[in-house]
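Engineer: Put together the whole structure using the sequences plus the hints.
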Amino acid sequence: MINPINQAESSFGKVLYERLFKNKEGLIAFAILAFVILIIFPTVLSPFRLNLTGKYLCYAFAAVGLVMCWGNAGILCLGQGLFFGAGGYCMAMFLKLEASDPESTAIQSTPGIPDFMDWNQVTELPWFWNPFKSLPLTIALIITLPALLAYILSVFYFKGRVSGVVFAILTQSMVACLWYFIVGNQGYFGGINGITDLKTLKGWDIRTEDAHYLLYYLCCFLLLFCILLSRYILSTRLGRVLIAQRDKEMRVRFSGYNITSFRIFIFCFAAVVSSIGGAMFTLQVGFMSPNLIGIVPSIDMVIFTAVGGRESLLGAVYGALAVNAAKTAFSEAYAAQWLFFYGATFIVIVLYLPKGLAGIYHDHIKKWIGKSMSSSKNNDGETPALVTEEKNAE
Amino acid sequence: MGDYTFDEIYAIVVMQSFSGVSLMCIYILMGLGLYIIFGQMGVINMAHAEFLVLGSYTMCLFSKFVTENMPAFENYYVIFAIPLSFGVAFGVGYLVEWFLISRLYHRPLDTLLATWGLSLIMQQCFRSFIGAREMSADLPEWLLGSWAASDIIDIPISGLVLLLLTVFLIVGLALFKTKTRMGLRMQATTQNREMTGALGINTKMTDRITFGIACGISGIAGAFFTTMASTSPSAGTNYIVDSFLVLVVGGLGSLVGLFVSGGFLALLSSILEFFMTGSIAKVWLYLVIFVVLMKFTRGLFSDKVRS
Amino acid sequence: MPSNTDYLLAIEDLTVSFDGFKAVDELTLYVDKGELRVIIGPNGAGKTTVLDLISGKTRASSGSIRYNNVELTSMREHEIVRAGIGRKFQTPSIYEKLSVYENLEISYPWGRTVFGSLKFTRTKQVIDRIQDVAQQIFLSDMLETQAELLSHGQKQWLEIGMLLVQNPELIMLDEPVAGMTAKEREATAALLEKIAKERSIIIIEHDMDFVAKIADQVTVLHLGKILKQGSMDEVRDDPVVQEVYLGH
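Residue numbers (the working numbering), protein chains in the order written: chain A, 706 to 1099; chain B, 1426 to 1732; chain C, 40 to 287.
Just so you know, not all the hints are guaranteed correct.
[What the hints assert, rightly or not] List of simulated lysine-lysine pairs, PhoX-like, C-alpha gap at most 25 angstroms: (1) A:K1060 <-> A:K729; (2) C:K264 <-> C:K72; (3) A:K953 <-> C:K136; (4) A:K953 <-> C:K233.
To be clear, the hints were calculated from the coordinates, so they are not data collected in a lab.
All of these numbers come straight from a predicted model, not from anything done at the bench.
Structural biologist: In structure tokens:
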């Protein structure tokens, strides 16, 4: 065991390494994930399947956000789709404007505005669409809009000490509210059909195979970046305070922390991560609709997180991949059985496997690996005390 | 709203509030069921709306059975269908508590998720065993008309009947809770589980019955629901969020709050629906609720509880 | 508006009621700088509620609590802590998943804002302070141990240690020796005496031998009111106090 005392003298590089990966095991787990999604998937999967996988990885962003705010900070958000949707719609609005240039919309009664506006007798681009004429502004909004929304929607409740079950169902009603908002504003946001027929990004056709490959890689890199950023946060004192307030709220208050601001921070962070996922979703799938972000998809995101292991960042990715793959494979052929199976799996995981796939790995596979390894090679015994639990190193 | 005169707005408000009576009864009954379960184990039953659907299917199927087999009975079957809806929902709730919920006490967030899994399964059961098509009950004629209280105000009879039944139900429940052995056991278990168990009361049985009753009440709400709309496997999803909010706005621990917020939200929602489309009315309803809760984070009628 | 006093803590006419039940009733209590005050009383006397009121966990219905002449009743928990009051709970309240070192470090009084805690680093100063405290609470060999593996008594010490790292001027302890062995009690008494040299302490305790060993002044609380105040011997010999304890 390394004494924490030595850490003050450690070099910057070593500190960063320990913060991001904790130890060799953490590095290997991360490397395996990176290898699987960056090398294996693109080589073995057909372009169509790879695009599907890219779509699943977008949900993994939301799951990573949930690991941060639910798994580690104890704030269950049943409305993560709200933020996923915020990013997704920002991107969709930008792409839609680009697809609605006056030439390609010449047959409309008002050329130059999105088709669904024209169908709904809107004759002028509404003011709130103006920022989406610019790509930098759109990207800025993908980051800031969900953060702002999350702040407004949480600050009063967290200050009033709303938490647990009540906050969870409030977030669910928030996402329901967004769903109704989009559905009710057909002329401004495309209504129930969503925003469709997205074609190009700054003139670059996003529907081609090449574009799909590139976007897939972009999605992977962003996801890995978000995971590392989350890991870094968990490795700081802030991460420990989050876990501490999850388990012993009063003790943390009486150590002089204002828990409210910590909760708001992590809720906003999770929102931004989900929003990036939403934006990547729009880019890879080519449309965005309210049914992708409503109550049910939002709970699906919680299910991905629960399956992967609510405290495990890497687990969240595997959870999103596994559940979505199973859904695609079974839901079309055996629609009825699938829902029974899905509901039952969820119940079983909650009842018997609260740590999900990550828990299975820790309790069974790791021991097995440990046994076969220790016979051949000595354990290097490097267990720095920086990160609180094994979980971060999956 | 600028196009309306004050008198017209007044008439609209009065009329819409009467037409919102049925909705109010459903809100209150749903909220009541959620309230009982929340009081019992600090959790929200996400499958609660599926018990509503279960109750409405019971009503629809019973109505179908009666019209096909004993048409003479058609005008009165409703009287039996309501207790039947309660019974079916009670039975399913009893089993659910036994096999699922009882394993999850003290893990409120997990219970929330497990009951969501349950709601998926129940919805699929409806789809597989009853059918995905919408279904409605043949209501007897005496329930259908409306009573013209004045030139501009029409009150639907069904709403009045539901209101009456709801009041009876609440009074009955209050008597049950305070006057019967079982009711006292339920209260004792909620307040101090260990102590009650130590006194030799079967707390597990009490829990099952409590949960069953809560589900049964939403079954009755389901029977009422058939007077407003047709039933489909996922009909409940439209009501679950609203019922949660009724409970939260009322202030989780307060019955008075539940009735007030049930009335307030039903009224607001039917008035809003007069002026705008359904979706936008919902958006405004929710926004009003969010803002109210931002100010009163513990609900309108929160009990001042120790610690 | 209550006038300024020389007391460290001046509680005046403090009342709190829960649904009409007055858990603390017109309580007036002063604590001097450097004093070690013990509050005793039968169950339900309102002892823990008094600590809850001082530390901001419960809001007072009326009355004032002034700490260094600053009114506490409208401040939130973390503000009260930052003003210099530390509090230990009745059952040991520590972070079981974290190591002893990390438990102590979370209490270190800087970097307690969101961004402060992101930037927080383990400087030599932090480490020295924590090692120093760990030594005082007899846990310097166990810095790396996960807190849930500690014995009950060690958990109590750890929580006291977390308060010491905070460096408060006033420490409030709710039954600090509950569940300790006789030997641990003695060590704790010595520890508290040492702490009391630099700070003021308010202790709630049931163990009368322990109280006799450490107390300067004892306050007996009954039904939310002060029944008797004085040295341990005076209190012990008081017939009314005896009645309350025996009659309960």
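Engineer: If a hint holds in the structure, say so; if it doesn't, say that too.
Structural biologist: Outcome of the hint check:
no.: 1; hint: A:K1060 <-> A:K729; result: holds (22 angstroms)
no.: 2; hint: C:K264 <-> C:K72; result: holds (23 angstroms)
no.: 3; hint: A:K953 <-> C:K136; result: holds (11 angstroms)
no.: 4; hint: A:K953 <-> C:K233; result: violated (28 angstroms)
In terms of the numbered hints stated before, the structure departs from hint 4 and from no other.
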